[in-house]
Amino acid sequence: MSDAALVADQANAGTDETTPIPPHAELVDERLVLWYFVASLACLFVSLSGGFLMAFQLIRQNPLDGIELLSPGRWRMLHTNVIAYGFLANAFLGMLHWVVPRLTLRPVLDKRLSLFIFAAWQVVVLGTCIGLVLGHAQGVEWGETPVWIDPLALIGLFLVAVNFMTPIMKQKGPMYVSLWYFTAAFIWTFLTYAMGNFVPQYFVSGTSAGAVGGLFIHDLVGLFVTPLGWGMMYYFVPILLQKPIWSHGLSLVGFWGLAFFYPLQGIHHFLYTPIPMFLQYGAVISTIAVELVVTTVVINFFGTLWGDGKQFWENIPIRWFYTGMVYYFMTCFQCALQVTMTFQQLIHFTDWVVGHAHLVMFGVFSMWLLGVMTYLFPRLLKTDWYSRSLCEWHYWLSAVGLLVMAGDLTLAGLFQGWSWMGLVTWDHSYEISQPFWITRLFAGLTILSGQLCFLWNLYKTWQMSPGTTPATQVELATAT
Amino acid sequence: MPSTLKFSLSFMLLCCFVGCQSRTEQPDFVSSEEVENLPPELKPEVRKVLREYAGSFEQPVLLMNDGAVSKAQLKLGQAVYQKRCVQCHGVSGDGNGPVASSMYPRPRDYRKGVYKFTSTPYGSKPVRSDLIRTVTNGVRGTSMPSFKMLPPEEIEAVVDYVLALTHRGELELQIAVLADFEEEVDLELVEEESIPLLKRLWERAAGSQVVPMSPQPVFTQEHIDRGREAFLTKGCSKCHGEDGRGQTPDNLAGNLKDIWGNVTRAADLTGGMLRGGQRPIDVYRRIFSGINGTPMPGFGNAFKQEPETMWDLTAYVLHVTNSRRMGVSHLPGQGSPYIPVTEETDDATD
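Protein chains in written order, with our numbering: chain A, 1 to 480; chain B, 1001 to 1350.
Take the hints with a grain of salt, since some may be wrong.
[Said to hold, decoys possible] Calculated lysine to aspartate or glutamate pairs in the EDC-like style (CA-CA distance at most 20 Å, straight line):
id, chain 1, residue 1, chain 2, residue 2
1, B, Lys1112, B, Asp1225
2, B, Lys1148, A, Asp427
3, B, Lys1148, A, Glu431
4, B, Lys1083, A, Asp65
[Said to hold, decoys possible] A short, non-exhaustive set of chain B residues, derived as facing chain A with CB atoms under 10 Å:
id, residue
5, Asn1137
6, Arg1140
7, Gly1141
8, Phe1147
9, Lys1148
10, Met1149
11, Lys1199
12, Met1273
13, Asn1322
The hints are simulated quantities; they were obtained by calculation from the structure and are not laboratory data. These numbers were taken from a predicted model, which means no experiment stands behind them. Each residue gets a CB set at the ideal place from its N, CA and C atoms; glycine is no exception.
Can you build the whole structure from these sequences, using the hints too?
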């Protein structure tokens, strides 16, 4: 494997030099990685269909109009929650089962625990879906998970942390930055989830609950998704480019910058509210500071790519990763602008925010995870992709569809904001949004067709996989 | 046998499913307060007569129908109404839909036959195009949205249905008053007095749209200046305040009521949301005819001798209304809540 050099680095730093490197099969439970990816893709399609229903609803063509259980408000929550806890979390967990053992050269704490966590997490996701459809949502944005699931989810997150932290804690000497990010994510996600779901529900109310809710929304992005995403990038990009990261020093600046500035950001969701002004300004400043931190990280990665530009065109996973990084820079740049009081006045509550959320959740983290899947599926299934051109279609339809969607919603947000600022009636903003919403539907269709290409490609690849062919058939095939 | 079993099992399953879905009961018209207050023996009689003339929920009837509105049209109107209007305006058009209690201003109660924003003189019924305009554009600054994006035939149909509800409510009130007075329901009186009276009122309105007394000028600064002068001297500022913001002590005290019994106050003209419409002719008609059902009087007769002043005032009101759009920021007012916070309203928000 091409990551041998990196692994050897870690081995030298962490363990006795005479200890042999354990074989891959002892470290990684490939079956589990595969299951996680399959579960996450299933969730991706549930979430995408939720997005579709919303898109149809907005252009007044909802095919399920009048069915309470499938009403738009519930689908919307399903759309966001299933992406966060179904798609992203499952895909990240699959990725962690590959990366953490290989990076630490130690298996996870217990393989049976891993299996239990897998099953338990699917129960949590399924429970969330059912709870939301039945209307048991908790009144916390992005934390709508019904209250009776929250303790289960929290126990799940705790077990995940224990399972992966065991090999990481055994590391001696300096840790590679990916492990910093993962460690942080395990701790932060647990704390963020507890804060967002329990504090506003049981302990504080009113503005304070709003402030905590704001922290929760953004910490879920910044302290769960972002560190896992960047940790993943720091692992896969050097392996795929077969060269070390440009600057290890800069990678730590990025990590500690994130750790220092990110947790304060969330209040920026509630500028111009009765939340104390020092908190609002603090959030504004820390958000802008994060943009500087992000710049260092992006420079580090483009420094790594420097001189290998043709890899961007030839290596599809690398293309997914770097496209995601370009979108990441764009979305963070948006952040730094939109978080100012002046800008907020215009774009608050508009579709700009929706565009921004799609840019970061699909354009960055989903892109990265789909890239990782494009890289790992052939290794898990022990065969090359069925069709490289379908992989290309998957990439281009996703990347272009997302760009159109984000650009379209950003523009729509500006027009809506100006409409409201012009003190005309609310209906006017709705009317002028129609062309944008129709465009958004088609952008969504483009993205969906990309994922269908991926699914078909995966299906055909799976059929080719020797791992899934029953033994008798292999024997027959070799006999003839 | 097994097929019967299968059938009955699936039927039972189906019943369970249907049971899950039918959470809302069949809607129906409710009687007005006036009918409810009648002696018990009269109530069924009144309801029966009312059903005869104004139909039932299942078979709505447009009382004063010249034949232009078909049954299918009313049914379509009812379907649109039940889908988009009933939440605020209620099944019988009493403005008492499930969400009405959390709104200010309250949704219109059609049953009195009084509409605020009409093109007809003060005290008159509206014309059909007034209702179409309101449904199409909504009422700015209130919870009434614009339904511009509905197909025109649905707007037409829903207006016909609203008219049917209105006439039903008006007739209900007439019969109830008669029944209360006569202590019986006299069909002859209903037939020969109540219905013709309503017909006369609506027919009269149809031919009495307010047409400006002089042609509309191109508004200049002079019109605005003269308008401000008139605004301050002719009585407008008494309620709306000298700056048009309605910050007078009387207005803020919350003693004014409309005929629906709700607390009301002279509008803050700087809000940029003239409820009766933003076109010059809308403003002109508000000044000329006043606003039905509210303390806003019509000034049409007062300016008979100086028709130009009407346009000056219109220019000034539009100027004040657009001031925020032009970047003027007004100091915060001493506004008090429209609905005074009492124990009752406090409970309602919990």
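Here's how the hints hold up against the structure:
1. B:Lys1112 - B:Asp1225: violated, 40 Å
2. B:Lys1148 - A:Asp427: Distance ~9 Å between B:Lys1148 and A:Asp427 Cα, so the pair holds.
3. B:Lys1148 - A:Glu431: holds, 9 Å
4. B:Lys1083 - A:Asp65: holds, 11 Å
5. Asn1137: Hint holds; B:Asn1137 Cβ to chain A Cβ min 8 Å, cut 10 Å.
6. Arg1140: holds, 5 Å
7. Gly1141: Constraint on B:Gly1141 satisfied, holds at 8 Å.
8. Phe1147: holds, 8 Å
9. Lys1148: With a closest approach of 6 Å, the B:Lys1148 hint holds.
10. Met1149: Status holds, d = 7 Å.
11. Lys1199: violated, 35 Å
12. Met1273: Holds, about 7 Å.
13. Asn1322: Check passed: Cβ of B:Asn1322 comes within 9 Å of chain A, closer than 10 Å.
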